[in-house]
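Enquirer: Chain residues, written in single-letter form:
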Amino acid sequence: MMFEIVTYMILFAMLLALISAIIGQSVYDKILAVNIFGTITVLFIALFGFLTERPEFLDIALVYALINFITTIAILKFFEYGDMGRSSHINDQADI
Amino acid sequence: MTVTVINIILLCLLVITALAINKQRNLFAATMLTGIYSLICASLFVCLDAVDVAFTEAAVGAGIATILFLGTLALTGFEEKTRVKISIPALLLVSITGGLLIYGIQDMPAFGDANTPVQTYLSGKYIDESATEIGVPNLVTSVLASYRGYDTFGETTVIFTAGIGVLMLLGRGRKNRKGLLDEDDA
Numbered sequence: 001m002m003f004e005i006v007t008y009m010i011l012f013a014m015l016l017a018l019i020s021a022i023i024g025q026s027v028y029d030k031i032l033a034v035n036i037f038g039t040i041t042v043l044f045i046a047l048f049g050f051l052t053e054r055p056e057f058l059d060i061a062l063v064y065a066l067i068n069f070i071t072t073i074a075i076l077k078f079f080e081y082g083d084m085g086r087s088s089h090i091n092d093q094a095d096i
Numbered sequence: 097m098t099v100t101v102i103n104i105i106l107l108c109l110l111v112i113t114a115l116a117i118n119k120q121r122n123l124f125a126a127t128m129l130t131g132i133y134s135l136i137c138a139s140l141f142v143c144l145d146a147v148d149v150a151f152t153e154a155a156v157g158a159g160i161a162t163i164l165f166l167g168t169l170a171l172t173g174f175e176e177k178t179r180v181k182i183s184i185p186a187l188l189l190v191s192i193t194g195g196l197l198i199y200g201i202q203d204m205p206a207f208g209d210a211n212t213p214v215q216t217y218l219s220g221k222y223i224d225e226s227a228t229e230i231g232v233p234n235l236v237t238s239v240l241a242s243y244r245g246y247d248t249f250g251e252t253t254v255i256f257t258a259g260i261g262v263l264m265l266l267g268r269g270r271k272n273r274k275g276l277l278d279e280d281d282a
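Top line first, the protein sequences correspond to chains A and B.
Counted the way our numbering counts, the first sequence spans residues 1 to 96.
Counted the way our numbering counts, the second sequence spans residues 97 to 282.
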């Protein structure tokens with residue numbers, strides 16, 4: 001019962017994050033909303049594992065957290081430098 | 097019961113996101129919303145017990161696709177050309193196609209039905225015999241790596257080739273004859 005209530009609350013939080021992504025004015029509002037949404041997804045998957053009595057899903061939630069982090073870094077990097085096709089021959093800030 | 101309600105809520109969120117993407121004229125906002133769309137899809141796949149598909153959806157849909165979209169936006173600009181005209185034939189075509197697809201769903205077996213050909217024909221054999229036939233403890237691994245070995249090998253080759261192609265297209269800055277970096281190519 002407790003897990004169900006929390007799951008519904010998480011789903012409601014998803015809705016709120018979605019609304020903030022839709023009506024947010026600046027670029028950073030949107031980035032923040034997507035990041036929050038990713039975090040909520042991680043929570044949701046972790047909770048869903050416990051809800052269906054298979055807590056093994058917890059590992060998957062962890063990997064989601066990693067993916068979420070990488071995406072946010074990539075988006076922010078994009079806004080900092082304007083592009084992502086940087087080559088390491090000329091620039092020490094390049095990733096490849 | 098709870099899972100059904102969760103599915104319904106997630107599907108509603110999906111519809112809201114899709115409509116919002118459609119309404120957006122700022123392409124960056126649309127890209128961010130596609131990321132959210134992928135995350136909701138991934139949650140749905142987890143609810144449907146397709147965890148591996150959910151994984152791919154999150155990595156490709158929310159991760160790589162977003163970055164590719166952003167790379168494209170850097171080249172093309174962030175605002176969509178406004179066009180308010182609605183094309184009636186296109187709307188009709190889309191509605192008809194959607195209707196046909198929904199009509200086609202009715203022939204499909206119910207979700208989790210034990211009497212479908214998929215469940216009765218091969219699954220039992222895999223579950224019973226794969227441990228002795230292949231000797232790999234994980235059922236999915238034995239199906240992918242042994243029963244469908246050639247298929248998987250082909251897929252891997254295709255993906256490897258595609259990866260090499262993309263890397264060649266992206267390039268790492270060509271060097272000219274003197275071994276110095278050519279500024280134009282970088």
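If you're looking for bench data, these hints aren't it; they were derived computationally from the structure.
Glycine is no exception: its CB is placed at the ideal position from the N, C-alpha and C atoms.
Any given hint might turn out to be false.
What the simulated footprint calls covered on chain A by chain B, stretch by stretch (three residues with Cβ under 8 angstroms from a Cβ of chain B suffice, anywhere in the stretch; the number is not a length) [what the hints assert, rightly or not]:
{"hint": "1", "region": "11-20"}
{"hint": "2", "region": "26-38"}
{"hint": "3", "region": "41-49"}
{"hint": "4", "region": "54-64"}
{"hint": "5", "region": "67-81"}
Enquirer: Output the numbers, in ascending order, of every earlier hint that fails for this structure.
Expert: Every hint satisfied by this model.
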